[in-house]
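J.: Residue numbers (my numbering), protein chains in the order written: chain A, 43 to 304; chain B, 9 to 399.
Any given hint could be a false lead.
To be verified - For each label pair, taking beta carbons as the anchor points, the in silico distance ranges come out as:
{"id": "1", "chain 1": "A", "residue 1": "Ala179", "chain 2": "B", "residue 2": "Ala49", "range": "27 to 33 Å"}
{"id": "2", "chain 1": "B", "residue 1": "Gly133", "chain 2": "A", "residue 2": "Lys44", "range": "55 to 61 Å"}
{"id": "3", "chain 1": "B", "residue 1": "Asp302", "chain 2": "A", "residue 2": "Ser288", "range": "43 to 49 Å"}
{"id": "4", "chain 1": "A", "residue 1": "Leu53", "chain 2": "B", "residue 2": "Ser166", "range": "54 to 60 Å"}
{"id": "5", "chain 1": "A", "residue 1": "Thr198", "chain 2": "B", "residue 2": "Gln17", "range": "31 to 37 Å"}
{"id": "6", "chain 1": "A", "residue 1": "Arg203", "chain 2": "B", "residue 2": "Cys56", "range": "41 to 47 Å"}
{"id": "7", "chain 1": "A", "residue 1": "Ser228", "chain 2": "B", "residue 2": "Asp44", "range": "35 to 41 Å"}
By construction, these hints were calculated from the structure, which means they are not laboratory data.
The beta-carbon is built from N, C-alpha and C at its ideal position, and this holds for glycine as well.
Okay, here's what each chain looks like letter by letter:
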Amino acid sequence: MKTYKQTFAELKQAALIPFFVIGDPDFDTSLAIVKAAIDAGADILELGIAFSDPIADGPTIQKADIRAIDAGMNIQKAKDFIKKIKAYKDIPIGLLMYYNLIYQYGTEKFFADFAAAGVNSVLIADLSIDDADEVLAPAQKAGLDTVFMVTPNTETERAKRIAEKCTGFIYTVSLLGVTGGRDQLSDMIKPLITRLKSITDVPVCVGFGVSTPKHAVQLAQAGADGVIIGSRIVKIIEDNLNDKKSIPAKVAEFIKEIKKAI
Amino acid sequence: MKDKGRFGQFGGFYVPEVLIPALEEMEEAFYQYYKDDKFVAELNTLYCDYAGRPTPLYYATRFSELVGFKVYIKREDLLHGGAHKVNNCLGQGLLAKYMGKTKLIAETGAGQHGLATSMIGALFGMQTKIFMGAIDVDRQSVNVHKMRLCGAEVISVSGGTRTLKDAINEALRYWTSNISDTFYLFGTVCGPHPYPTIVKHFQTCIGTEARRQCLEKIGRLPDIVTACVGGGSNAIGIFNAFVEDKTVKLIGVEPAGRGIATGKHAAPLSAGRVGILHGTKMYLMQDGDGQILDTESISAGLDYPGVGPEHCLLKDTKRAEYVAVEDEAVLDIFDIFTKCEGILPALESSHSLAWVYSQRNKLPADTVVVVNLSGRGDKDVGIVEKNRPVK
Ligand SMILES: Cc1ncc(COP(=O)(O)O)c(C=O)c1O
């Protein structure tokens, strides 16, 4: 199974990491979209399992969560989805989730089962480094990499402790706020990348608000090892719900554009 | 963070990284000021002159005759704003002022916490935004109007189930984008640490007064103390002063809505599983995967799928007992109690009165029960009229 380490070592530019909510707008369309994204040049996938109360997400991903849940998405189907993706191509997959779904499944069992399905890491949006103990052992036991978030208001000492616990990459939040497309990159992100680069060798991948090829280029130039694009891509799905068949090609087109830019 | 904010296995601070510095700042400020002489003196003056503390402990003569034992009412309904919420809002509002924050945000269900926050925003000259589920904006329109009159902006939340839970989601999201100048004035003993501890502290005046008043009036402690439980702030506020008094039974009353068996309720202590939402580990209404379930209660203030972590511990250790009463019993008691005493109880508080009524002629005549009447029912007359038209 392809690791983050191999992927970052092979890449000459910043990794392109699209985010999708599994099963948005429905299982089959979602599968076609993610496959198209892989073909278009995605280096790593960031996948979310929909939660009823996503407090770190803006309206675009909230709506995607609702679409997925309404279309019948659940934990078991999410696992099947990941297996199907891995059967299509051996690409590293990071899960981005809310804690309750994992806690209800049983944390240890969740990590083990999803590792077996082909996931490389599980990032929990509402679990900070202060409670890392609850997930580090299960992750290690399952052979998964660990990923935690750093935000622009994280103090350097704390950022160091977070970096020490990350084996995959540091999920670097570009702004103070929730997910969602933005016209401009926050002016907080470049100093944050510089700060992280001075304290750690763990790859720095930047997400939240990254929306255009220009943003991706700016981040890559600032030293980011990967760019995570979520809401902007999910918006393509939202905007084309009346013609679902057209979505995979449209998503692929956007991803190619970003890929070319970086 | 200095503390983990745990109550046994419950509590904690399960939040996105971006909120950690804000919670740390709040925890630090709270520990710095809550025993500070100047802060305490200023808060006590506000409790007394602005809110109307101490509130009376009233012996409900006719209601006592009806149920066959002695019922004392802790009159939080007489407070400014009409509910216990002002205790917490004055405390946190003053803390915000000491921290140099200039803006307040809050979630609200029944509108009582939103109203109390709006009052305090006006009092301290702070810009105030209130997040409220669209359904609640509808069913508690009088309070919405009052909030706006106080100068607050009321934001109607149309996502999710459009009730208290979604108002909290939206307030948390807004806070992550505005943490530097904005204080999130949380309304109950839920949410991430340090809120359960802070809110308990500022509500404990209810119990401290009630305990003293019992000793003065009756010469002994009560046998039972009861309160309704939404998030659990009015209940913790009165329980906390009696927790060490092992002879005093503590009864928390949850909303059983249309009946626990129907699933249409908001009673996580009666029918929930341990889970994590809004930054805390607690009993929670959820499906098998852990998706949060819709709740239902005639009282907007109790319509929440979770419950304060300390209540979860009090339940597990059996120090407190939690029961649930249905909407129909709540509507019955609203009428019975108002006709007996000439006091309109909030539909939230009516839950604890309904439990007391369910015990009629079952307890010895010299039993002393203290009911925390957390709020007044003026805001609910429309709902009551709709369900039980006066002929
Ligand atoms: C009068 C009244 N009582 C009780 C509650 C429930 O809150 P808590 O359980 O935190 O006391 C509310 C909430 O809005 C209320 O307005």
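J.: Hint compliance check: list the failing hint numbers for this structure, sorted ascending.
T.: Failing hints, ascending: 1, 3 and 4.
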